[in-house]
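Q: So the protein lines, in turn, are chains A and B. Every letter in the first sequence is one number past the one before it in our numbering, and letter 90, counting from 1, is 86. So the number in our numbering is just where the residue sits in the second sequence, counting from 1, plus 80.
Because the hints were derived from the structure by calculation, they are not lab data. Note that CB positions come from ideal geometry on N, CA and C, so glycine has one too. Incorrect hints may appear among the rest.
[Stated by the list, open to error] If the Cβ cut is set under 10 Å, some of the chain B residues that face chain A in the computed set are:
no. : residue
1   : LEU93
2   : LEU98
3   : ARG99
4   : LEU102
5   : GLU354
6   : ARG392
7   : SER404
8   : ARG472
9   : ARG473
10  : GLN476
11  : ASP478
[To be verified] Label-pair ranges, simulated between beta-carbon atoms:
no. : chain 1 : residue 1 : chain 2 : residue 2 : range
12  : A       : SER117    : B       : SER444    : 50 to 58 Å
13  : B       : LEU105    : A       : SER29     : 18 to 26 Å
14  : B       : TRP83     : A       : THR15     : 41 to 49 Å
15  : A       : GLN143    : B       : ALA440    : 31 to 39 Å
16  : A       : SER117    : B       : ASN381    : 48 to 56 Å
17  : A       : SER116    : B       : GLU129    : 54 to 62 Å
18  : A       : ASP161    : B       : ILE367    : 41 to 49 Å
19  : A       : GLN143    : B       : SER444    : 54 to 62 Å
20  : A       : SER116    : B       : ALA457    : 28 to 36 Å
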Amino acid sequence: MTDAEPVIRMEGIEKVYRTGDVLFHALRGVDFSVNHGDFVAVGGPSGSGKSTLMNLVGCLDRPSAGRYLLAGHDVSMLDADARSFARNRLIGFVFQGFNLLARTSALENVELPLAYRGTSSRERRDRAREALALVGLGDKLANTPSQLSGGQQQRVAIARALVTDPKVLLADEPTGNLDSRTSEEVLEILQRLHRERGLTIVLVTHEADVAACASRSVIVRDGRIASDTRVANPRVASPSAMAESSAAGGGA
Amino acid sequence: MWWMALRLALRSLLRNKLRAALTVLGILIGVAAVVAMTALGDGASTSIERQMSALGVNLLWVFPGATSTSGVRGEVGSRPTLSEDDSDAISRELFNVQAVAPVLSVSSQVVYGSRNYATRVTGSTPDYLRVRAWTLSRGQPFTDADQRIAGRACLVGETVRRALFDTADPVGQTIRIGRVPCQIVGLLAPKGQGSFGQDYDDTVVMPISAVRARLKHTPGRDVDQILVSVREQYLMARAQEQVSALLRQRHRIPEAEENDFTVRNLQDLMATLERTRSTLSALLLSIACIALLVGGIGVMNIMLVSVSERTREIGIRMAVGARSNDILAQFLVEAITLSAIGGVAGLALGVGAGAALGKAMEWSVRFSPVAAVVALATSGGIGVVFGFFPARRAAQLDPIQALRHE
């Protein structure tokens, strides 16, 4: 795969859920591509199908129809184990609820994807340390999630997503459980990773000021992509600036 | 994969120590029960075997008197209807008989120096040792010559020796039996306890003629019982019939009347005892197995709880690349670890409890390594069987659902 080829290429993706005799079309023919080094925000109201789209992009689920090439590999028809393999090799997840293993140190949480890869424990440790340092938590290796603030937990989650060197980082409402100041911290890290390391990021959010930090904005509505625009001047996330305006934007 | 699963299993169990301990307890009790019951059953079987061989070789036991309870009759052995002539006839006329020993016994005080001891003095022939499969640990048996002259020669049992001589060698010493001085010519090898608690070694054996003439002072040829050793095990029933027929003929018993003697096949009695034992052991063992089964269900139960509690964890693991086999291994190994710990602890407890019980109740116990291996393998197997269903349930979770699980 060359950099010119899209990391994500979805063509005519459909997803139908069946509840008893009722069919529900969550996605009705979506074409969606993400190029290498893109920072895409995916927005849309709840029930629009954006969660379904994200589950498909993240190989957590399989489309009912259509073709999905992830980093050049057709992943649309893979079984559960093969999708696990694809997630492990190609995708890094950051979730709204952090989803760290409780009572497990930050270091071990970050090591987890590598453990399922069969990486040696020494190399796992080194890479996990490196990833935690990258998100500014080099001094919190032994802390368990309950000993970390929400923002720190989300940074551990980002480190866990980065440690495998994924083709895409998939962030699903990563600031949804955070106050505005820590949200800015997380967004700042994502922007930095995008800028400095050329990381491809797909960020799902329903908040406009979060979406504004991306360089491209996609809106999903009624199972279709309603708009797909370049963001001319992405907002630069800044926790310090946010602190001043928190009276205005804190409630979001 | 398995190494990682083992580490995860141990960590998870350590996090829920009480819960893990209670689950382990279920398996532990089951395994301990199986181990202890097997040991007790095997022990009982061994002791019955030992008693059978202590009784003698293919032994028929002839008593005077009938066993029948119809009509007014004396108890078995109450009327002296057997004599040494009967004994000689059995020996002479029945080909299937290997050896015959008439027995006339008397209770008596035996004295050596300043010590004395009350025991049973058995008068018989030199064949007595052969019939009872008894050997001498020292000295010689008395001889046919002693028999003819009512010789004052005797053999003492281990218990009698301990009472009179402590550890000293009694052979060649002279003891007094009642008022009769008597030389010890041999020491009987120890036989131990009988099936009903009697001590076989608490006895003195001497020529039947000497017992009759010097201790009982009775004329005639009456004996208390006749012991008959049959040539082969499979001839026992036939020999029993032949002995009966011969004695009926000798005692001139009309066809309609009952025997005035009883022929008992003690091997049959022991076989019945053994059957009872094995039925009882099977019963106890099946109860123990039920305990083990319940323990296994406990493992399954707790694993299901564990899987449902950790649904989100499973989702996280799957999201970052765990395959269904990784998850399966994680929970299966956890279940196996639980029950294996229970198995090892149960084995230790079972051995301890079996030994303690055996000691307290004076039962013999025998631990076989096979039973230990089987118990351990079974507990591991229980982990696999009862852990598989919950583990598979975990492995088949949908990562999206699992991640959404609260």
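Q: All hints are to be evaluated individually against the structure, with a verdict given for each.
A: To see whether the hints hold, each was checked on the structure:
Given the 10 Å rule on beta carbons, the hint for LEU93 of chain B is violated: about 13 Å separates it from the nearest Cβ of chain A. Annotation: interface hint on LEU98 of chain B violated; nearest CB of chain A at approximately 16 Å, more than 10 Å. Contact between ARG99 of chain B and chain A, as hinted, is not supported at the beta carbon level, the nearest pair being about 15 Å apart and thus beyond 10 Å. With a least beta-carbon distance of about 21 Å to chain A, the hint placing LEU102 of chain B at the interface is violated under the 10 Å criterion.
Below 10 Å, beta-carbon pairs count as interface contacts, and GLU354 of chain B has none with chain A, the closest being about 57 Å; its hint is therefore violated. Interface restraint check for ARG392 of chain B: the shortest CB-CB distance to chain A comes to about 7 Å, inside 10 Å, so the restraint holds. About 6 Å separates the beta-carbon of SER404 of chain B from the nearest beta-carbon of chain A, less than 10 Å, and the hint is met. The closest approach between the C-beta of ARG472 of chain B and any C-beta of chain A is roughly 13 Å, which is over the 10 Å cut-off, so the hint fails.
With a least beta-carbon distance of about 14 Å to chain A, the hint placing ARG473 of chain B at the interface is violated under the 10 Å criterion. Because the beta carbon of GLN476 of chain B sits about 8 Å from the nearest beta carbon in chain A, less than 10 Å, this interface hint is met. Evaluation of the ASP478 of chain B hint against chain A yields a held restraint, the C-beta minimum of about 8 Å falling below 10 Å. Remark: the range hint 50 to 58 Å for SER117 of chain A to SER444 of chain B is upheld by a beta-carbon distance near 53 Å.
Taken as a hint, the range 18 to 26 Å is violated for the pair LEU105 of chain B and SER29 of chain A, whose Cβ atoms sit roughly 59 Å apart. Range check, TRP83 of chain B to THR15 of chain A: Cβ separation about 42 Å, and the 41 to 49 Å hint holds. Taken as a hint, the range 31 to 39 Å is violated for the pair GLN143 of chain A and ALA440 of chain B, whose Cβ atoms sit roughly 54 Å apart. At roughly 34 Å, the beta carbons of SER117 of chain A and ASN381 of chain B sit outside the given window of 48 to 56 Å.
A hinted range of 54 to 62 Å for the beta carbons of SER116 of chain A and GLU129 of chain B is consistent with their spacing of about 59 Å. For ASP161 of chain A and ILE367 of chain B, the Cβ-Cβ distance of about 59 Å falls outside the hinted range of 41 to 49 Å, so the restraint is violated. At roughly 60 Å, the beta carbons of GLN143 of chain A and SER444 of chain B sit within the given window of 54 to 62 Å. Restraint check, SER116 of chain A to ALA457 of chain B: a C-beta distance of roughly 34 Å satisfies the suggested window 28 to 36 Å.
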